[in-house]
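Those protein sequence lines, which keep their order, are chains A and B.
Under this note's numbering, the first residue of the first sequence carries the number 1, and numbering increases by one thereafter.
Under this note's numbering, the first residue of the second sequence carries the number 1001, and numbering increases by one thereafter.
Please keep in mind that the hints were generated in silico from the structure rather than gathered at the bench.
Please note that a few of the clues may not be correct.
As the list claims (entries may be wrong) - Listed below are the simulated EDC-like cross-link pairs for lysine to aspartate or glutamate, each with C-alpha atoms no more than 20 angstroms apart in a straight line:
| id | chain 1 | residue 1 | chain 2 | residue 2 |
| --- | --- | --- | --- | --- |
| 1 | B | Lys1059 | A | Asp59 |
| 2 | B | Lys1068 | B | Glu1081 |
| 3 | B | Lys1104 | A | Asp38 |
| 4 | B | Lys1063 | A | Asp26 |
| 5 | B | Lys1057 | A | Glu101 |
| 6 | A | Lys57 | B | Glu1001 |
| 7 | B | Lys1042 | B | Glu1001 |
| 8 | B | Lys1104 | A | Asp26 |
| 9 | B | Lys1079 | B | Glu1055 |
| 10 | B | Lys1042 | A | Glu62 |
| 11 | A | Lys13 | A | Glu62 |
| 12 | A | Lys3 | B | Glu1045 |
| 13 | A | Lys57 | B | Asp1002 |
| 14 | B | Lys1057 | B | Asp1082 |
| 15 | B | Lys1042 | A | Asp38 |
| 16 | B | Lys1068 | B | Glu1001 |
To be verified - Covered stretches of chain B, as calculated for chain A (at least 3 residues, CB under 8 angstroms):
| id | segment |
| --- | --- |
| 17 | 1035-1045 |
| 18 | 1102-1112 |
What the hints assert, rightly or not - The following label-pair restraints were derived from C-beta to C-beta distances:
| id | chain 1 | residue 1 | chain 2 | residue 2 | range |
| --- | --- | --- | --- | --- | --- |
| 19 | A | Gln106 | B | Ser1007 | 22 to 30 angstroms |
| 20 | B | Glu1001 | A | Ser7 | 32 to 40 angstroms |
| 21 | A | Tyr10 | B | Thr1107 | 43 to 51 angstroms |
| 22 | A | Asp28 | B | Ser1028 | 29 to 37 angstroms |
| 23 | A | Tyr96 | B | Glu1001 | 22 to 30 angstroms |
| 24 | A | Thr86 | B | Glu1058 | 14 to 22 angstroms |
Here the structure is a predicted model, which is why all the values come from computation and not from measurement.
Every residue gets a Cβ at the ideal spot worked out from N, C-alpha and C, and that includes glycine.
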Amino acid sequence: DVKVTQSSRYLVKRTGEKVFLECVQDMDHENMFWYRQDPGLGLRLIYFSYDVKMKEKGDIPEGYSVSREKKERFSLILESASTNQTSMYLCASSSYPIHTEAFFGQGTRLTVV
Amino acid sequence: EDQVTQSPEALRLQEGESSSLNCSYTVSGLRGLFWYRQDPGKGPEFLFTLYSAGEEKEKERLKATLTKKESFLHITAPKPEDSATYLCAVQAVGQAGTALIFGKGTTLSVSS
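Chain A on its own, in the form it takes in the complex:
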C-alpha cells in the first residue's frame, strides 16, 4: 500500500513562529503536493513539486515556502505563522504519468495562537 506520512497530526504554534510540516512517501513518487483544507473553501493547492529540488506555486502560496531535497520528502514551511494559517494541511503524492491518482497523508491540524 502507498503510504504518505505527515510528521504530526496536531500542532499548536504561536504567531510569528517559523513552522515546519514534514511529509514522507514510500512509493518513489515523482510528484508531491501540499494542500490546505478549510470549511466552506475545500482543498486549495499551496505548492507542488514534480522532482527533487523543483517546486511550483499553487493557488495560495503567500506566506509559505517548500523544500524538496530528497525524492521521498516534501516540507512545507510557514515563514512567520499567522492566525489565518490555522487550518488542516494535507500532503499528497502521485506517480508519473500525470493521469494517476494522488494519495494523501492523514493531515496535520495546525492551530496558530
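With the hints as your guide, set chain B onto chain A.
Using the frame of chain A, we list chain B on its own:
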C-alpha cells in the same frame, strides 16, 4: 477558469435509501476526474478515476459515471459506514503540473 461544483452540500439518507451525488465541472480539457472519500479528521482516500465520457466504475455500493460536463456518484442501498464527505476533483489540460482542482464536497450521513 477551471471549476468544480458539487451538489448537494449535504445529504441525509436512511439505510437502504439509494441516491446520487453530483459533480459538475468546467475545464479547458479534462485529463481525468477523481472521486475521494474523506472521514472526519483524516486525509482523503482514493475511490475512482474516470477519463472519458461514458466511462463507469464500481466498487461495492458505489458507482461513478462520467459525461462531458458532470460526474455522478451513485450510492446503492447505503449503510451507516458510508457516512463521509465525498470529494470530486479534476485534472485539467494546462493545469499547473499534475495538481487536482477539488470541489467543496458532499457530506453524506446515513442513519440506521
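Right, here's what the structure says about each hint:
no.: 1; hint: B:Lys1059 x A:Asp59; result: violated (32 angstroms)
no.: 2; hint: B:Lys1068 x B:Glu1081; result: violated (31 angstroms)
no.: 3; hint: B:Lys1104 x A:Asp38; result: holds (9 angstroms)
no.: 4; hint: B:Lys1063 x A:Asp26; result: violated (30 angstroms)
no.: 5; hint: B:Lys1057 x A:Glu101; result: holds (14 angstroms)
no.: 6; hint: A:Lys57 x B:Glu1001; result: holds (17 angstroms)
no.: 7; hint: B:Lys1042 x B:Glu1001; result: violated (29 angstroms)
no.: 8; hint: B:Lys1104 x A:Asp26; result: violated (28 angstroms)
no.: 9; hint: B:Lys1079 x B:Glu1055; result: violated (25 angstroms)
no.: 10; hint: B:Lys1042 x A:Glu62; result: violated (25 angstroms)
no.: 11; hint: A:Lys13 x A:Glu62; result: holds (18 angstroms)
no.: 12; hint: A:Lys3 x B:Glu1045; result: holds (11 angstroms)
no.: 13; hint: A:Lys57 x B:Asp1002; result: holds (17 angstroms)
no.: 14; hint: B:Lys1057 x B:Asp1082; result: holds (17 angstroms)
no.: 15; hint: B:Lys1042 x A:Asp38; result: holds (13 angstroms)
no.: 16; hint: B:Lys1068 x B:Glu1001; result: holds (17 angstroms)
no.: 17; hint: 1035-1045; result: holds (count 6)
no.: 18; hint: 1102-1112; result: holds (count 4)
no.: 19; hint: A:Gln106 x B:Ser1007: 22 to 30 angstroms; result: holds (28 angstroms)
no.: 20; hint: B:Glu1001 x A:Ser7: 32 to 40 angstroms; result: holds (34 angstroms)
no.: 21; hint: A:Tyr10 x B:Thr1107: 43 to 51 angstroms; result: violated (22 angstroms)
no.: 22; hint: A:Asp28 x B:Ser1028: 29 to 37 angstroms; result: holds (31 angstroms)
no.: 23; hint: A:Tyr96 x B:Glu1001: 22 to 30 angstroms; result: holds (26 angstroms)
no.: 24; hint: A:Thr86 x B:Glu1058: 14 to 22 angstroms; result: violated (39 angstroms)
Going through the hint list in order, the structure does not satisfy hints 1, 2, 4, 7, 8, 9, 10, 21, 24.
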